[in-house]
Amino acid sequence: DIQMTQSPSSLSASVGDRVTITCRASQGITNYLAWYQQKPGKVPKLLIYAASTLQSGVPSRFSGSGSGTDFTLTISSLQPEDVATYYCQKYNSAPFTFGPGTKVDIK
Amino acid sequence: EVQLVESGGGLVQPGGSLRLSCAASGFIVSSNYMSWVRQAPGKGLEWVSVIYSGGSTYYADSVKGQFTISRDNSKNTLYLQMNSLRAEDTAVYYCARGRPSGFDIWGQGTMVTVSS
Numbered sequence: 001d002i003q004m005t006q007s008p009s010s011l012s013a014s015v016g017d018r019v020t021i022t023c024r025a026s027q028g029i030t031n032y033l034a035w036y037q038q039k040p041g042k043v044p045k046l047l048i049y050a051a052s053t054l055q056s057g058v059p060s061r062f063s064g065s066g067s068g069t070d071f072t073l074t075i076s077s078l079q080p081e082d083v084a085t086y087y088c089q090k091y092n093s094a095p096f097t098f099g100p101g102t103k104v105d106i107k
Numbered sequence: 108e109v110q111l112v113e114s115g116g117g118l119v120q121p122g123g124s125l126r127l128s129c130a131a132s133g134f135i136v137s138s139n140y141m142s143w144v145r146q147a148p149g150k151g152l153e154w155v156s157v158i159y160s161g162g163s164t165y166y167a168d169s170v171k172g173q174f175t176i177s178r179d180n181s182k183n184t185l186y187l188q189m190n191s192l193r194a195e196d197t198a199v200y201y202c203a204r205g206r207p208s209g210f211d212i213w214g215q216g217t218m219v220t221v222s223s
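So the protein sequences, as listed, match chains A and B.
Just so you know, we're using this note's numbering here: the first sequence kicks off at 1 and counts up by one.
Just so you know, we're using this note's numbering here: the second sequence kicks off at 108 and counts up by one.
Any given hint might turn out to be false.
[Unchecked claim] Computed cross-link-like contacts, BS3-like style, restricted to lysine-lysine with a CA-CA straight-line distance of at most 30 Å:
1) B:Lys150 to A:Lys39
2) B:Lys150 to A:Lys42
3) B:Lys182 to A:Lys103
4) A:Lys45 to A:Lys107
[As the list claims (entries may be wrong)] A short list of chain A residues far from chain B (calculated; beta carbon distances all over 12 Å):
5) Asp1
6) Ser7
7) Gly16
8) Thr22
9) Leu46
10) Thr69
It should be emphasised that the hints constitute simulated quantities derived from the structure, not laboratory data.
Using N, Cα and C, we set each Cβ at its ideal position, and we do this for glycine too.
Here chain B stands alone, though its shape is the one from the complex (with noise of 0.2 Å):
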């Protein structure tokens, strides 16, 4: 079955770091363009953070020099490091495969809550 699962949320206080895993299963993570998209509390959907099949990475303006998205091709595995968090951080991050058709492939999301 094709699926993402991510791990790694929970409670962090402002300035923190936190570090997100997404496993695949049923595809290969370095053969898609991976991204990882926030929804804060309420709000609409955010992307965040993409690295494509060749390793090329791009980040929104709101997390740049502060997120860092890799991989580990051995585990099948996408990764978001996150530090310096800020309140506004908090939001549900999913992990998404995207495809010449879109973001077709959704974790279940997990949540990250910034706060002291």
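Isolated chain A (complex conformation) (with noise of 0.2 Å):
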């Protein structure tokens, strides 16, 4: 099966800072990349689609990039309310595994 992993496992940013998180993916997965946010006590919420489609009514600073194994989670410009996990997933065939996660928080 595919391993997912995610860099970093966590990080520290002030409002404004752009921040960027890693997917890799085992094996090549084409475009089929998920990410999702996860609010502390929230659902999970899915941000962006096929590596780099943002979801309708996704705010445009988050912005995805990649294909094949190496993927990028963008927030151009990090604001308060963006304090959650964020989760990559490969979901061009089962199993439909996640990343373990990156949490961010405002320095």
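Dock chain to chain to rebuild the complex, using the hints, since each chain is given by itself in its own frame.
What follows is the structure, encoded as structure tokens:
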């Protein structure tokens, strides 16, 4: 099975900073990569699918890129409401493995 | 409104069984692929199982042979039958709708606690 890794596992940044999270698949998944945001005590929310397509209603400061095995999620200007854990997920075929998550908070 | 509502969680003794339900509204369960995802306390998301529109099912290795996913088309409801429960199965269980865009709709989750 394909394994998903993320880095860093956590980060702390200032409001307005550019934040980048990396996700790597152990084998190529073309662009079948989704990013989810989970705020503390809340349900996960789909942010980006097909590696770079923003889900409807998601602020434009979020963006995704990559293909094959290496992907990134970027927050162009971190806001207080972005404090959350971010997960990548492969969804080309089962098992639909999630990455271990990256916890983002405000410095 | 498109939504998923889980039920059926609770406290169960090790070795016991539980059946989770996920009632859908605003869309047809059998026209989509539907998954269960769990999250142990303080841990990350773990995909558990999927049922495709055609009826094919797949499971994470951690629950294969222990859990069974199914659906009732007449009730527009997804199920997860969990047997031989262990402490490590303690988690919030979410159902989610799968699309070509990933898991776009999630339920609010139902807590399963396995403890004596």
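Worksheet entry | A:Ser7 and chain B, when compared Cβ to Cβ, separated by more than 12 Å | holds (14 Å)
Fill in: Minimum Cβ distance from A:Thr22 to chain B greater than 12 Å, as the annotation requires
For A:Thr22, whose nearest Cβ neighbour in chain B is about 16 Å away, the distance exceeds 12 Å, so it holds.
Discussion item. What's the verdict on B:Lys150 and A:Lys39, does the C-alpha distance respect the 30 Å limit or exceed it?
Written reply: Holds: B:Lys150 and A:Lys39 sit about 13 Å apart, inside 30 Å.
Worksheet item: Is the hinted pair B:Lys182 and A:Lys103 satisfied, with a Cα-Cα distance of at most 30 Å?
Response: Judged against 30 Å, a Cα distance of about 38 Å means the pair is violated.
Worksheet entry | Status of the stated non-contact between A:Gly16 and chain B (beta carbon gap over 12 Å) | Holds: least Cβ distance 28 Å, greater than 12 Å.
Worksheet item: Beyond 12 Å from every Cβ of chain B: is that where the Cβ of A:Thr69 lies?
Response: A:Thr69 is indeed farther than 12 Å from all Cβ atoms of chain B, at 18 Å.
Practice prompt. Would you assess whether A:Leu46, listed as outside the interface, keeps its beta-carbon beyond 12 Å of every beta-carbon in chain B?
Written response: violated (5 Å)
Practice prompt. Take a quick look at A:Asp1 and tell me if its Cβ sits farther than 12 Å from every Cβ on chain B, holds or violated.
Written response: Non-interface label on A:Asp1 violated, nearest chain B Cβ at 8 Å vs cutoff 12 Å.
Discussion item. With the threshold set at 30 Å, check whether the alpha-carbon distance from A:Lys45 to A:Lys107 stays at or below it.
Written reply: Given that 30 Å is the threshold and the Cα spacing comes to 24 Å, the pair holds.
Discussion item. For a C-alpha distance cap of 30 Å, please report whether B:Lys150 and A:Lys42 respect it.
Written reply: holds (13 Å)
Violated hints, in rising order: 3, 5 and 9; the structure is consistent with all others.
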